Amino acid sequence: MALTTSCSNEEADLFDQSAAERLNASSEKYTNVLTSGSGKWALEYYPMPSTDKIKGKGYLMAVDFKKSHEVTVGMNNLFTGNKYREASSIWQVITDNGPVLSFNTWNDNLHIFSSPEKVLKDDDIKVGEGLEGDYEFVITEVGENNSTVTLKGKKRGAYDRLLALPDTTSLQSYVEMVNAFNERMASSTAPNSLYLLNQADTFQVDSAATGMFYIFPKGKDAVSTQTLHPFLFSVHEGSYWLRLRDEYKFKADGKSFQELRYDPSTDRFVSPTDPGIMLIGPDPVWFFQKQISSGKRYLLSKSSAFSASAQPLMDKMVAERFTAKNTAFTFNSLYLSQDASGKYLLSVTYRNNRGASTVFKIEYDGTLTEKGIALSNPVLSDSAQEPLYSRLTALQAFVAKLAGEFVASESLTRFNLVSIKLTSATDADYWFTISQN
Amino acid sequence: MKHIATIFATALAFCSVAFTSCSDEEFTPSIFNTDSKIDYLDKTAATFPLDTFVKVNFLEPYNMRYIYKMEDIGSDKQKNLVPAEYGKSVKLAVLSKYLWYDVYDKLADKTFLPEYSPRIIHVIGSPAYNPSTGTETLGTAEGGLKITLYNTNRLNEYNIDRLNELFFHTMHHEFGHILDQNHQRPTGFNVISNGLYDPNNWAQAFDSINASRGFVTNYASSQPREDWVEVMASYICDDSIRWAQRLVSASYDWEEIKVSETTEDSVKSLIGGGAHRDSVGYFRELGNGDFVIDRKVIARNANGTAALKDGKIQYLSKDGVDGVAIINQKLDMVRNWLKSQFKIDIDALRKEVQTRSYVTDTNGYFVKGSDGKLINKLVRPSDTEPLKTLMEQLVDQVNKYKALQAQ
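Taken in sequence, the protein lines are chains A and B.
Here the first sequence is numbered in this note's numbering, starting from 1 and rising by one per residue.
Here the second sequence is numbered in this note's numbering, starting from 1001 and rising by one per residue.
In case anyone wonders, no lab produced these hints; they're calculated from the structure.
Values in this document were obtained by computation on a predicted structure and should not be read as measured data.
We treat Cβ as the ideally placed atom computed from N, Cα and C, and that holds for glycine.
Do not rely on the hints blindly, as some may be mistaken.
[Unchecked claim] Derived pair list, reagent style DSBU-like, types lysine-lysine, alpha-carbon separation capped at 30 Å:
#, chain 1, residue 1, chain 2, residue 2
1, B, Lys1077, A, Lys53
2, A, Lys316, A, Lys371
3, B, Lys1077, A, Lys154
4, B, Lys1088, A, Lys66
5, B, Lys1088, A, Lys67
6, A, Lys154, B, Lys1146
7, B, Lys1077, A, Lys155
8, A, Lys29, A, Lys154
9, A, Lys155, B, Lys1146
[As the list claims (entries may be wrong)] These stretches of chain A come out as covered by chain B in the derived footprint (C-beta under 8 Å, 3 or more residues):
#, stretch
10, 62-68
11, 96-106
12, 110-122
[Claimed, not checked] Not close to chain A: a few residues of chain B, all C-beta gaps over 10 Å, as computed:
#, residue
13, Lys1110
14, Asn1201
15, Glu1256
Could you build the full structure based on these sequences and the hints that come with them?
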């Protein structure tokens, strides 16, 4: 009786379609979103919402969704031997308490992150677990004009993002372009920290090369105050971007950011919504002076960069040779450093083809200036080398040219100060780069 | 079976109440493909060939869904699993038809497969690891309706031993569970090895020692229901050489010798160079630092060395357990049950499976290779299309549907 009463047409239909029809329509809608435009997307993928050094960091992939439900996934990382590789498989938008993007047949690239195998020789990766990443994602949001799709890993809950790529971009070119940018801005060779600014507050940012920022208030103890933030680079709207996996909130004022846009004119990443929030590299003058004062050596070699007016002198130095013990010695490399007495030392190495070497040491008086360094009074340390040294006219010219004031600046970017550019203060066309060694 | 009938009955009762009280409610359009005259498969889909193959060969004749696009919702949530590769799914589908469905279709009653075929075979790409026990689950059978097969991405038709281990032994094993769930095995089977089952530590046991106790495999020693289907699956899938080897293993008796001193010399005297290692099988370390040696029971002299007869070791029986007789007893029970419940001759089934798997001569005898093993038929030139292997010919059964996509 109770059942009969409750089914007396009191309820109005809230929808035109049944629940099943609505789910099917939802599946079709998101299928069309993913195959719209070029069907190509960048996938910013995080296996786990953790700070594990492998499972928590981000991996960039480029995907091409075809209407035939075939998908091609391209990536270039340690799992592909650091070479670009594409793999194809099947995809589908299924309905499972909401629209779910499922890569439901094996893909040699994507499913590495979900495989239960020990895919890396690392004690933290166990058989039966693997990297524990998802291959099915709840579609939580579609951006304006289908430019982005936000995904949430169905099991692990990490938020990933799809960025629409233009038709003119191939999967490989996108991946390699971003990887090259990553290598430039978050290189393992970078000896310097970065800095996150929020108005007057400054935070030191370390370990960018790991794919995870270690952020702590500048001047505070890193170990006790740092927080870890995985990130990835991308290209969209004509710019390079840096995006954290999770939003970063400043405790002091509650402001937050997740994505920063790279401004090449200032060599900074800046929040598009609050220009006071930015990520920058250190001042190259300060960094160079700190490094050389702490005993670091800087190398100049044939592979350094030279201006058009400095190149001929370098070419002459390289071509120059002397003969000793019946073999020819040629220029190998040159180091600039500061010794314990405070003098600046230029160590120039010449080698023969038997591995023997001769090193000339030239001492300078020097001071650190507002913009770089000033060197003067070069003197050959070992006077017994004078007969040999006197034959090396190009080297002598270089030594003389170095006795002057030089402005220190970044070689490519302040985000990686392994290389410093020294430009003559009296001749802006005379410059060369030296690398921390 | 009784449990399933109750569930279905309950569902029907609710439907009756609904119809009576809401007779004026309109049905919304169905989202299911209900018109069998219309082919609902999408010809533009990359998977159309395999989708068509499984529809024509499994769904329509047997009401079985072969699911290769992994359904996470239908998988074991306790494990990290990944989908099967499309190409491997194709191979497993054609092999399932060739070595399983076609065999039963040929030998069993025409109502057998429609009635007893699982309704779902779900193929998964990765292994299903059980890290706590150091084992892998090769397959599962649930509710008499669904079989899940793992390791699809490891499918390699060139290694037939591994194919049997990962797939065909597993298929017949899981199918055996389904048949058992429909017509329970004789209860007398459960007491044959009463007291010897070890559900927790079977994986650490030694297969030779378990064989001597009457278990065809280590997994068989875990519990009676697994023992039952392992006998069935092993007999069907083992070639004659392998089955004979199992019985040879089962014919020995074993004894355990505790090594009271854990010195290197005492261990060496038993198993080291120069020792009488005539019957040694296994050497184990116990948790307390002691060692145990498992060795076959043989006639020995007073000093512990082997007492030879005509220069040969004399194997003895010690525990009164005849492993061979027990295995044969269990096999007879499986044989009689298949015959009485399903009218299936297990020996004919075995012969059909193996004739399809291994090369035979013109007289129908199995041919041995230079390694003394039977020859894998799947990777040999097909009888009807010599320029293709049998496996390629089987895969063509899927690929032929590509022609429909071009229309």
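Hints and how they fare:
With a C-alpha separation of about 25 Å, the suggested pairing of lysine 1077 of chain B with lysine 53 of chain A holds against the 30 Å cut-off. Between the alpha carbons of lysine 316 of chain A and lysine 371 of chain A the distance comes to roughly 29 Å, so the proposed pair stays at or under 30 Å and holds. At most 30 Å may separate the alpha-carbon atoms for a hinted pair to count; lysine 1077 of chain B and lysine 154 of chain A meet this at roughly 12 Å. About 21 Å separates the Cα atoms of lysine 1088 of chain B and lysine 66 of chain A, which keeps this hinted pair within 30 Å; it holds.
About 22 Å separates the Cα atoms of lysine 1088 of chain B and lysine 67 of chain A, which keeps this hinted pair within 30 Å; it holds. Distance restraint check for lysine 154 of chain A and lysine 1146 of chain B: the Cα-Cα separation of roughly 24 Å lies within the 30 Å cut-off, and the hinted pair is therefore satisfied. Proximity of lysine 1077 of chain B to lysine 155 of chain A is assessed by CA-CA distance (about 9 Å); at most 30 Å being required, the pair is judged to hold. About 19 Å separates the Cα atoms of lysine 29 of chain A and lysine 154 of chain A, which keeps this hinted pair within 30 Å; it holds.
The hinted pair formed by lysine 155 of chain A and lysine 1146 of chain B meets the criterion: a straight-line CA distance of about 23 Å does not exceed 30 Å. Figure legend: the stretch 62-68 of chain A, annotated as covered by chain B; annotation consistent (3 residues with Cβ-Cβ distances under 8 Å, at least 3 required). Proximity of the stretch 96-106 of chain A to chain B, defined as three or more residues with a beta carbon under 8 Å from a beta carbon of that chain, is established by the 6 residues found. Counting residues of the stretch 110-122 of chain A whose C-beta sits closer than 8 Å to any C-beta of chain B gives 5, which meets the bar of three, so the coverage hint holds.
At the 10 Å boundary, the C-beta of lysine 1110 of chain B stays outside the reach of chain A, the nearest C-beta of that chain being 34 Å off. Against chain A, the non-interface label of asparagine 1201 of chain B holds: every CB pair exceeds 10 Å, the least being about 19 Å. Interface exclusion of glutamate 1256 of chain B from chain A stands, the closest Cβ pair being 31 Å apart, more than 10 Å.
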